[in-house]
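Top to bottom, those sequences are chains A and B. In the working numbering, each number is its position in the first sequence, counted from 1, plus 163. In the working numbering, each number is its position in the second sequence, counted from 1, plus 97.
In short, the hints are calculated from the structure, not lab data. Hints are supplied without guarantee of correctness; some may be wrong.
[Unchecked claim] Below are the SDA-like pairs computed for lysine to any residue, each with C-alpha atoms no more than 20 Å apart in a straight line:
hint	chain 1	residue 1	chain 2	residue 2
1	A	K207	B	E149
2	A	K207	A	S280
3	A	K207	B	A151
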Amino acid sequence: MKQQTNSMGVGASSILLILVVVSLTMFASLALIQARSDAALTQKTAVSTRAYYDADTRAQTILASLDDALQQGRAPDSIDGVTKQADGDYAFAVDSSDGHALNIVVGVTGKRCEILSYRYENSQDWTEQSTGTLWQGG
Amino acid sequence: MDTEKETMLLPPKKRGVFSPILIEMTIVILFLALSTSVVIRLIAAANVTAQESAYESRAILAMERIAEQVKADPVGDNTCNACGARVFSTKIADDLTVDCVVTSDDSPLKGTLYDIELTVTSPAGKVFALDAARYLPDAEVAP
Numbered sequence: 164m165k166q167q168t169n170s171m172g173v174g175a176s177s178i179l180l181i182l183v184v185v186s187l188t189m190f191a192s193l194a195l196i197q198a199r200s201d202a203a204l205t206q207k208t209a210v211s212t213r214a215y216y217d218a219d220t221r222a223q224t225i226l227a228s229l230d231d232a233l234q235q236g237r238a239p240d241s242i243d244g245v246t247k248q249a250d251g252d253y254a255f256a257v258d259s260s261d262g263h264a265l266n267i268v269v270g271v272t273g274k275r276c277e278i279l280s281y282r283y284e285n286s287q288d289w290t291e292q293s294t295g296t297l298w299q300g301g
Numbered sequence: 098m099d100t101e102k103e104t105m106l107l108p109p110k111k112r113g114v115f116s117p118i119l120i121e122m123t124i125v126i127l128f129l130a131l132s133t134s135v136v137i138r139l140i141a142a143a144n145v146t147a148q149e150s151a152y153e154s155r156a157i158l159a160m161e162r163i164a165e166q167v168k169a170d171p172v173g174d175n176t177c178n179a180c181g182a183r184v185f186s187t188k189i190a191d192d193l194t195v196d197c198v199v200t201s202d203d204s205p206l207k208g209t210l211y212d213i214e215l216t217v218t219s220p221a222g223k224v225f226a227l228d229a230a231r232y233l234p235d236a237e238v239a240p
């Protein structure tokens, strides 16, 4: 009579366990890394939003000062940061903490100013990247 | 001959109670329990971080929305409290309410500068805040 032998030797369960533990740890670490990168992105969004509203608040204060200056008969460019443009309009920029700037152009009608342009733009220099690694088509 | 006799008299040798496979299985189960607890902690930390960032993201969007609404109409229903501030809350979701305080500054000669303070308090007690402002010349104030 043939004796049945156990094909699973000592150590097979250990190898299986190591594979399972490595897989579980990898998935858990990936989940944590993903969650942290999401949190970092949310933080960046929060900082950017606050920077915009901070710049907007300062711009609104300057607009109030401009109106005050016009009421008092002073020239708008007497306010710090406000410059007169060639077309007679006045412009000023409010820097934001995240590398943007709020560029505003106002026109003067009578004794009050009117907003002509209110643009939140990137104030940092744009540098072109090398296109050497990109497929150029054809 | 004597030694053979002595050997025959001795009781048969007992085999070990713990076979190698049993010992290995015990170690495997203990290691699996330990590593599983570590993995569960990692997943729980990831879940907490994800939920917090999701809530903050929703809170920022809600505050932006309310800020733009208030900037469009800072006077609103003109119901001010004893301090002269307009205080109201807007419920965005069951767990998300935006509290808003609008104070007016009449120091500009021909207009009003409205200061808008928005806050959201998370269920965990964390406070998110956003400040905005709007200058409204007198001529533009709605009757």
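Would you mind confirming whether the straight-line C-alpha gap from K207 of chain A to E149 of chain B stays at or under 20 Å? Holds, at about 14 Å.
Given the hint that K207 of chain A pairs with A151 of chain B, does the C-alpha gap stay at or below 20 Å? holds, 13 Å
Would you mind confirming whether the straight-line C-alpha gap from K207 of chain A to S280 of chain A stays at or under 20 Å? It is violated: about 27 Å lies between the C-alpha atoms, which goes past 20 Å.
Comparing the model with each numbered hint stated earlier shows that hint 2 is the single one that does not hold.
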